[in-house]
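The listed protein sequences correspond, in order, to chains A and B. Going by this note's numbering, 1192 is the number at position 167 of the first sequence; the sequence numbering is gapless. Going by this note's numbering, 1358 is the number at position 333 of the second sequence; the sequence numbering is gapless.
Calculated from the structure, these hints are not laboratory results. Think of the CB as a built atom: it goes at the ideal place given N, C-alpha and C, for glycine as much as any other residue. Keep in mind that a hint or two might mislead.
What the hints assert, rightly or not - Some but not every residue of chain B turned toward chain A, in silico, with C-beta under 7 Å: (1) V1118; (2) G1121; (3) F1282; (4) P1370.
As the list claims (entries may be wrong) - Derived lysine-lysine pairs resembling PhoX-like cross-links, with alpha carbons at most 20 Å apart: (5) B:K1176 - A:K1211; (6) A:K1054 - B:K1211; (7) A:K1359 - B:K1124; (8) A:K1124 - B:K1359; (9) A:K1211 - A:K1148.
Given next are the chains, with one letter for each unit.
There are 2 protein chains.
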Amino acid sequence: MRGSFLPLFLFVFLIQGAVFADDQALRQKALQAGLAPLPAVAPEAADNPVTPQKIQLGKRLFFEPRLSKSGLISCNTCHNLGMGGDDNLPTSVGHGWHKGPRNAPTVYNAAFNRAQFWDGRAKDLEQQAKGPIQAAAEMANTPDQVVQMLKSMPEYVAWFRESFPSDPDPVNFDNVVKAIGAFESKLITPGAPFDRFLNGADNALSPEQKDGLALFIDRGCTACHNGVNVGGQAYFPFGLIKRPGADILPPEDKGRFAITQSASDEYVFRAAPLRNVALTAPYFHSGQVWDLKQAVLVMGAAQLGAELSDEEATKIAAFLGSLTGVAPEIIYPKLPVETDETPRPQL
Amino acid sequence: MRGSFLPLFLFVFLIQGAVFADDQALRQKALQAGLAPLPAVAPEAADNPVTPQKIQLGKRLFFEPRLSKSGLISCNTCHNLGMGGDDNLPTSVGHGWHKGPRNAPTVYNAAFNRAQFWDGRAKDLEQQAKGPIQAAAEMANTPDQVVQMLKSMPEYVAWFRESFPSDPDPVNFDNVVKAIGAFESKLITPGAPFDRFLNGADNALSPEQKDGLALFIDRGCTACHNGVNVGGQAYFPFGLIKRPGADILPPEDKGRFAITQSASDEYVFRAAPLRNVALTAPYFHSGQVWDLKQAVLVMGAAQLGAELSDEEATKIAAFLGSLTGVAPEIIYPKLPVETDETPRPQL
């Protein structure tokens, strides 16, 4: 009886060994393709040291609707920390119910992007934060009005002093976005199944996800979507091989061309970072595709000239699902009460 | 040397004793006028037992923008838990940037009100929650669409099962508002200086606040603003003695008359609960008065026929500031990701 089990044991052992070897090979392949585990901490900007006080202030500002002209729209309105760090709308809605031109990117792990916005027009989180506060179709406010609002409340003045102790006049617009940037730099989502796989946990990915990862590399997706953020590092024309339809790539939005005025930047966008992509539909700068598999098919045709099969796209989408990490716990902040000097909401 | 201090000690002791006696008398007077400390726990509705599961579900629903047609507006948009439980706007802004007709009341301690809305048209928190979800100028949704949205996400289905274990088909609109009501019943703000004073802490109120409390009683404010919520218990005509101007009391909003069609209910509103009133400007159903002292003066003239002096109004406003309690800590909820069956945002 005992003897008869031995070959079975050996067989299982050999198969297991083969699987382990495959997993190790796939892991190496992923690392060689430029994919990498998400660090738990983002690098700090030299001119914006991240202190606990600044993070707290930044959190309050992130949830502060009085940063907007109406008093109704906060950063969290379009970058909802409970919904993957975006608004799950095709394009965002702002002041006066105006619809913005592009889909809101997630704020989670944005600290790891080379630049911010779909066209990379802001070099970091701090510069990014200046945009929506002032955009007419978003928060529609002015730096002067923001500073007046913050100076009107003694709690904010004290918090700015604590956060910028060497600054003689700390309540200013540059410090507003530094505080927001400091908070956002902590919005990291480590512990995704893909990270656990890269760190040695063979079973963190399902067989389908492993096939999807292999395809993601073999088909060339990693040419653009690489690094710790699986994208967000460089610019590429949308429709490199074949231009998508006007619903997905509206002709009037020429992407990075609007920044550089260089013909070679027409319809060029920053490769989307794919961390938590399963939480951030709808997809593309136009926000017109809700299904992740469909988005994979669009990308295959547009960027790689590849007619991916339904099965391949399913597997790649399953792999992309393994990029969903664990968002930090956020205690909802209590905001200070306004005073006579606080600008009134302008609806 | 020692002997020369004795009279001073005696003097201080006697003064202190007099102050203690005054404090005790003021405390008794306040209790006799119908004021009462805020309980830490709200009474439970017989048909809506408050379980931890239901509170959690209700919290998620409270912060869920997909309860709205646009996918952008949650309960928290107008009842911001970081801003005193309201939106600090004159009147609320909803779907399509429509301005609602009335100022959003705070959700904090609303469980202690006799009825909900400025006109009391909802008997409890559950019935209240049905209103804004469906109002065209607020969330503009339908019960069917809400149920479809919730049934489309397996996490919500599981949470409703846990929250309503004996219900064979738990995902329904009545249970949506029961869960929201259960969460809201925990939004209690105990520990206000006024409560500490009522509970025996003589120094919890400043001398100015004590004077204000005495005036609040002596001038008759407690005739309407009484009970644990310092209001919220009964209905009164706004302008009982002298009708305020049309900016504060717009002629087209006849208050409770719209509910009862009774001529005696013209311009009748529920006495505003005054807990945390210092956090919830602007004031009145029209939201046209930002300054609390000004609001006190308006009330004195309109309801009591009293020309309060500036000093008296200042003292009463200082007392009202002692009604600000400690709001519970809220961990911002993570919401489930949509599926193919989730209704898409309709902007």
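Hint by hint, here is what the structure shows:
1. The restraint placing V1118 (chain B) at the interface with chain A holds, with a minimum CB-CB distance near 6 Å, inside the 7 Å limit.
2. Taking 7 Å as the C-beta contact cut-off toward chain A, the hint placing G1121 (chain B) at the interface holds, the least distance being around 5 Å.
3. Of the supplied interface hints, the one on F1282 (chain B) is violated, with its beta-carbon coming no nearer than about 27 Å to a beta-carbon of chain A, more than 7 Å.
4. Interface hint status for P1370 (chain B): upheld, as the beta-carbon distance to the closest one in chain A is roughly 5 Å, under 7 Å.
5. Between K1176 (chain B) and K1211 (chain A) the CA atoms are separated by roughly 33 Å; this puts the pair beyond 20 Å, and the hint is violated.
6. For the given pair, K1054 (chain A) sits about 52 Å from K1211 (chain B) by alpha-carbon distance, which is inconsistent with the 20 Å threshold.
7. With a CA separation close to 25 Å, the supplied pair K1359 (chain A) and K1124 (chain B) exceeds the 20 Å bound.
8. With a C-alpha separation of about 25 Å, the suggested pair K1124 (chain A) and K1359 (chain B) falls outside the 20 Å cut-off, and the hint is violated.
9. About 18 Å separates the Cα atoms of K1211 (chain A) and K1148 (chain A), which keeps this hinted pair within 20 Å; it holds.
Hint violations for this structure: numbers 3, 5, 6, 7 and 8, all remaining hints satisfied.
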